[in-house]
Every structure is written in C-alpha cells, then in structure tokens.
Amino acid sequence: MVAVKTIRKSLTGAQAAAEAMKQVDVDVVAAYPITPQTPIVQEYAQFVADGIVNTEMIQVESEHSAMSAVIGAAASGARATTATSAQGLAYMWEMVGIASTLRLPIVMNIVNRALSGPLNIHCDHSDAMSIRDLGWIMLFSENPQEVYYNNILAFRIAEDPRVFLPVAVNQDGFITSHCVEAVDVLEDEFVKKFVGDYKYPYTLLDFENPISVGEWAMPSHYFEFRVSVQKAIEDSVPVIEEIFDKFYQETGVKFDFFEGYRVEDADIVFISMGSTSGTVRYVVDRMRSKGGKVGSINVRVFRPFRIDKLLNIIPNAKYLVVMDRSLSFGTTGSPLYQDITSGLYSKDRCLLVNNYVYGLGGRDITDTDIEEVYEHALYSMSEGISGQVVYVGLNPSFVKK
Amino acid sequence: MLAVSKDIKTINLNIGGYAEGSTALNNKTGGWRTFKPVLSRDKCVDCMICWIYCPDDSIVVKDGKMIGFDYEYCKGCRVCANVCPRSAIEMVSER
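Protein chains in written order, with our numbering: chain A, 377 to 777; chain B, 33 to 127.
Calculated from the structure, these hints are not laboratory results.
Check before you lean on any hint, since a few could be wrong.
As the list claims (entries may be wrong) - Take a look, some chain A residues computed to stay more than 10 Å from chain B by CB distance:
id	residue
1	Ser386
2	Thr477
3	Leu478
4	Phe570
5	Tyr624
Stated by the list, open to error - Among the chain B residues that face chain A by a calculated CB cut under 8 Å, a handful are:
id	residue
6	Ile43
7	Leu45
8	Ile47
9	Gly48
10	Gly53
11	Leu57
12	Asn58
13	Phe67
As the list claims (entries may be wrong) - The calculated lysine-lysine pairs, modelled on DSBU-like cross-linking and capped at a C-alpha distance of 35 Å, are:
id	chain 1	residue 1	chain 2	residue 2
14	A	Lys569	B	Lys41
15	A	Lys385	A	Lys694
16	B	Lys41	A	Lys685
Built from N, CA and C at the ideal position, the CB exists for glycine as well.
Generate the whole structure from the sequences, applying the supplied hints.
This is how it looks when you write it as structure tokens:
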C-alpha cells in the first residue's frame, strides 16, 4: 500500500463536496441558486469566480432545468454535475429518471432534507428515497470526510464504461452539510489521475456523425431499455468493488457496500445510514463495555442494494435494528427495512427484524435514544418480536394509546 | 416468452437508446394514413406553403416544382390541404 499525501482542512460537508468537485475539474455545473439549494453550489461558484476551475456555471431557473442542462451537457461530452436537496430534488424528479435511462454518468450531491409538508428544511432521508427506484447508484456519507471520498469515487464509478450510470452522493442536511469537521484532502494531481478523463461513447456535438438522444420508444422497445438499466446497475457491483479496492490500494482508505462495526459475534445488529451511524457506533462501544453482543452496519451503497454482502458480515446476528430516517406511507416499514426484510426472505435466513423510524424533519437522535432502542431490541429479541415499526422520539404528549 | 433475470447476459441496444442519424427513415409511417392528399397540378402555383407546413418531410419538390407526396411517410394529417391557398390538395379516402 502506498500512502498518498493529504492535507487536513476544516470543512463542512457542503465544502467537502465542492472541494472534490473542484479537484475532479468539472466542465459544467448547472444549479438553481436559491432555497432549497445548499452551500455546495455557492462554494463552487466562488471557485469559478476566483478562476480556480474551468467550469461553465449555468444558473438555471429551476431544479428541473438544472438536471435538464446537466443531461444535455453530459450527452455532449462534458463532465457535468449539480447539487440539490429536498423540494429541489422533488421538482427535478422527472429528469432524474431520464438521466439514468439515458445512461449518462452524472454525479449529483444531495443534501438530505425533509420533503414538504409540512414545510421543513431539516434533515431526513425522504428526498433521497423518492429516487431510489430511478436507476441511480446511491452512496451515503456519514461525515464530511466521507462526502469528500464519496464524490471522488462517484465520478470514477459513474464514468466507468462498464457502468455509465449517474451517481447520487448523499449527506445529511445541516448535521453533515453545515458542520465543520477535519477532512483529509488528497492532492489535486492524485484526484485528477484517479478519476481520469471523461470519455463517453458518443457526443451530441459530432456533426459528422449526427445522433439523437432522448428517443421515443414504443411498447416494442421500452421494456428492453428499462431492463438494460436494471442490468447495468446489477453489473455495476463488481466494478464498484474494484474501484473501492483500487482506492484502498492507493490511499489506504477502505470502503465497502456495508461498513460493519463489531458485528462478527453480534446478536443484535443496528443498520443505519448517514450521520446517525457515528452515534450508533458510539452507543455500540458503550453497550459492548457492559457486555452486550451488539454491532452496527453503516450502509454506504444503498443502490445497488446487495443483501448478500450485508448478510456475509453478520454471520451470528439474531436480531436486526433497522433504522430508517423516512417513511413509506401505506406499507409495512420504511425503505431500508423493506430492502432488508425482502432480501432476508429471498436468502432464506430467518432473523428477527424491527423497523425503528427516527429523526424525521430533523428531530434529534441522541445516544440516549439509541440506548432506548437497544433496550427495546433486547426485550424484542427475548420475546421473539419481529415485523414491528417503532417510532423513536415521537413526542409522548401527542401519542394516545 | 420468459427470461430469468440472472440468465440475461446483456441487452443489445444502443446505450441509453441514442439513435444514429436518419434512422427514423426506417419507420414507414405512411401506414397510419386513412386519407391521402392528392394534388391537382393545374391549380398548383408552386408557392411551397405546403412544403413549409408539412410536419414530416412528405412534400416532394423537384427543380422548384411541387410534384407530389411521399406516401411512405405522409400520415394524412391534412395540414397541406388546409394551408393550400389554391385548394389544389384534396384529401381522398384510402378505402
């Protein structure tokens, strides 16, 4: 392993994303510069204004147009990116699905915040969950450092000719996006080399060989195109593994689809995404010191979701605590819970699984809350309770039983 | 026909469904037509208004003269007959 040089900087998650975008040297950034936009684009606009990057910055009139502009740019041979959040992503939604079915390697930073209504600008994962079925690779970041690494990996994954799919890099609104932490930043040259040049099989600007993009597909072809996206995201798994491995070889930083922590002999395993994973690890340590056989998993790659990889690292688990920061109205359990329970069923592994829904609209999730969840998990495991949805931190004065 | 997901090696389509130039010509849309435009050459003054308005590329022009229609692609939309200032185009049932 060759250790590369890094510089330690104090960055928010938003700044970490902008820093990575700067080093990757993006050709086009299109964004809508007011609420619900985040400081990512603001930071990047500063780099453009200062002449640090050679980026065409397009201020569009909406997120729908931002994604449209980025799609056009990517199809014409430019490395293009944007960032959004919450309602912005909702407004962009139509084009988000088009980006993936056109197989354009766009990277988008999403600062995860609650969807209206009621109107709220604080952290939860409802926005990201709305695009989970649209064919994007989805990476989740626990802290600004992971935001930075995930961005570099995202460009490399998206632009691999064996993948050619857009990648969303998620970070928790405010908790990650606005809080300063120490971030080890790689050297510009290293990042440039690791990501490589943007090369796409065609370009809209080739006048000798004109093509059209965004075709109409009749019932005779539509189905096959959709399956080809499914195939592409399934086939991206070994490529993502390879890129994670290469990143590890060159930087010493290890990434995997699921980051297990003290899981090997754990009976109870917490599974969470985003910033909460850090708090969970803290509680796991505390419970371990009291003799609890407990571990945690941080979901880093949410799409493609590989249940086999998850199960491989928890050979002794009996009880899963699935922590969801969003709701899926009208069905049993939230998105992560649905993925895990349906995955378990297909793998014929029978574990007790309960869904712990927390932190909607930015409600705090503290170590005390997680300890309470652990107590509930111990009780549920001993009683064999499974398939329940438990709301963590719901104000008791509103709850009537 | 059934195809099991894990058995599918690849789907043989252009990536993202892009199309090379002129491939729309392979799609003969004339079959959609129920009325076809027919030209009265004696009334036509070659003003080319039909050529401008045709939403496809179905007005055939040679040496500055309007000489007829490309029935392989004309869908019978009737726009040419409507815009013709000399009423030189008549829509005739295909039956």
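Here's how the hints hold up against the structure:
1. Ser386: Holds, since 40 Å exceeds 10 Å.
2. Thr477: Contrary to the label, A:Thr477 does not stay out of reach of chain B, its closest Cβ about 7 Å off (not over 10 Å).
3. Leu478: violated (4 Å)
4. Phe570: holds (24 Å)
5. Tyr624: holds (29 Å)
6. Ile43: Hint on B:Ile43: holds, closest Cβ of chain A at ~4 Å, below 8 Å.
7. Leu45: For B:Leu45, the interface hint holds, since the closest Cβ of chain A sits about 6 Å away, which is under 8 Å.
8. Ile47: Holds: closest Cβ of chain A sits about 5 Å from B:Ile47, inside 8 Å.
9. Gly48: This hint holds: B:Gly48 lies near chain A, its Cβ roughly 4 Å from the closest one there, short of 8 Å.
10. Gly53: Holds. Min distance 4 Å.
11. Leu57: violated (13 Å)
12. Asn58: violated (13 Å)
13. Phe67: It is violated, given that the least Cβ distance between B:Phe67 and chain A is near 23 Å, above 8 Å.
14. A:Lys569 with B:Lys41: holds (32 Å)
15. A:Lys385 with A:Lys694: violated (41 Å)
16. B:Lys41 with A:Lys685: holds (22 Å)
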